[in-house]
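Residue numbers (the numbering used here), protein chains in the order written: chain H, 1 to 112; chain P, 1 to 114.
Among the hints, erroneous ones may be present.
[As the list claims (entries may be wrong)] Keeping only pairs whose Cα atoms sit at most 20 Å apart, straight-line, the calculated EDC-like set for lysine to aspartate or glutamate is:
(1) H/Lys99 x P/Glu102
(2) H/Lys42 x P/Asp38
(3) H/Lys58 x P/Glu102
(4) H/Lys99 x P/Asp56
(5) H/Lys99 x P/Glu95
(6) H/Lys57 x P/Glu102
(7) H/Lys99 x P/Asp62
[Claimed, not checked] With beta-carbon atoms standing in for the labels, derived distance ranges:
(8) P/Thr71 x H/Lys59: 26 to 32 Å
(9) P/Val88 x H/Ser85: 15 to 21 Å
(10) P/Asp54 x H/Pro26: 26 to 32 Å
(11) P/Thr15 x H/Glu56: 45 to 51 Å
(12) P/Arg22 x H/Asp17: 40 to 46 Å
(13) H/Asn67 x P/Thr82: 37 to 43 Å
(14) P/Glu59 x H/Glu45: 21 to 27 Å
(15) H/Pro82 x P/Val88: 23 to 29 Å
Simulated from the structure, these hints should not be mistaken for lab results.
Quick caveat, the model's predicted, so the values are computed rather than measured.
Backbone N, C-alpha and C define an ideal beta-carbon position, used for all residues, glycine too.
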Amino acid sequence: ILNVEQSPQSLHVQEGDSTNFTCSFPSSNFYALHWYRWETAKSPEALFVMTLNGDEKKKGRISATLNTKEGYSYLYIKGSQPEDSATYLCAFGTGTASKLTFGTGTRLQVTL
Amino acid sequence: DAGITQSPRHKVTETGTPVTLRCHQTENHRYMYWYRQDPGHGLRLIHYSYGVKDTDKGEVSDGYSVSRSKTEDFLLTLESATSSQTSVYFCAISESLLAGAEQYFGPGTRLTVT
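Required output: the full structure, derived from the provided sequences and hints.
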């Protein structure tokens, strides 16, 4: 069983704060690292898929980096807004088959 | 939003009864997945399908079977439901089986086994 760890488990920030969280995964047999955003009562939505060491992806105020050699990825949110409140999931893909192993998520709450 | 629907959205059933959950997609994606989501666990793969009549087991397949007779439908069956199968079930689809392919999720089905 592959171990994908996310930290912190939950985070509470004020509007305007920048924040980041971590996804740790096995450094062997790496193929892809996914980030998903999951709002309460909705479905998880893909944010990023990264496949190369050193990859950096950005979508608006959210960005992610990838270090496959040491087995971690960071997700950054700049200037958090209440609408960023959600659980952020990472998922690790090994080999070529899309059987992803998900972490338990970081729950972000942004208050005014 | 990807065209994925799940039915039913909520179900309460008794231990020992059979239950079938349906996932329907309008995207014509070849690959479909069933996950369960439980507190303290990430999404865990139950079964997946790589084409009509082609399915394989995931991490937590015991007690579940699947069928895919049409591209658009992927059914998950609990032959004899147990309380440990109380969970939220998500269907997902993707265009490719490669681990780098995004997966698109349905709205989920909340199943309670009493």
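Hint-by-hint comparison with the structure:
no., hint, in the structure
1, H/Lys99 x P/Glu102, "holds (11 Å)"
2, H/Lys42 x P/Asp38, "holds (15 Å)"
3, H/Lys58 x P/Glu102, "holds (16 Å)"
4, H/Lys99 x P/Asp56, "holds (11 Å)"
5, H/Lys99 x P/Glu95, "holds (13 Å)"
6, H/Lys57 x P/Glu102, "holds (14 Å)"
7, H/Lys99 x P/Asp62, "holds (17 Å)"
8, P/Thr71 x H/Lys59: 26 to 32 Å, "holds (30 Å)"
9, P/Val88 x H/Ser85: 15 to 21 Å, "holds (19 Å)"
10, P/Asp54 x H/Pro26: 26 to 32 Å, "holds (28 Å)"
11, P/Thr15 x H/Glu56: 45 to 51 Å, "holds (49 Å)"
12, P/Arg22 x H/Asp17: 40 to 46 Å, "holds (42 Å)"
13, H/Asn67 x P/Thr82: 37 to 43 Å, "holds (41 Å)"
14, P/Glu59 x H/Glu45: 21 to 27 Å, "holds (22 Å)"
15, H/Pro82 x P/Val88: 23 to 29 Å, "holds (25 Å)"
Of the numbered hints given earlier, the model fails none.
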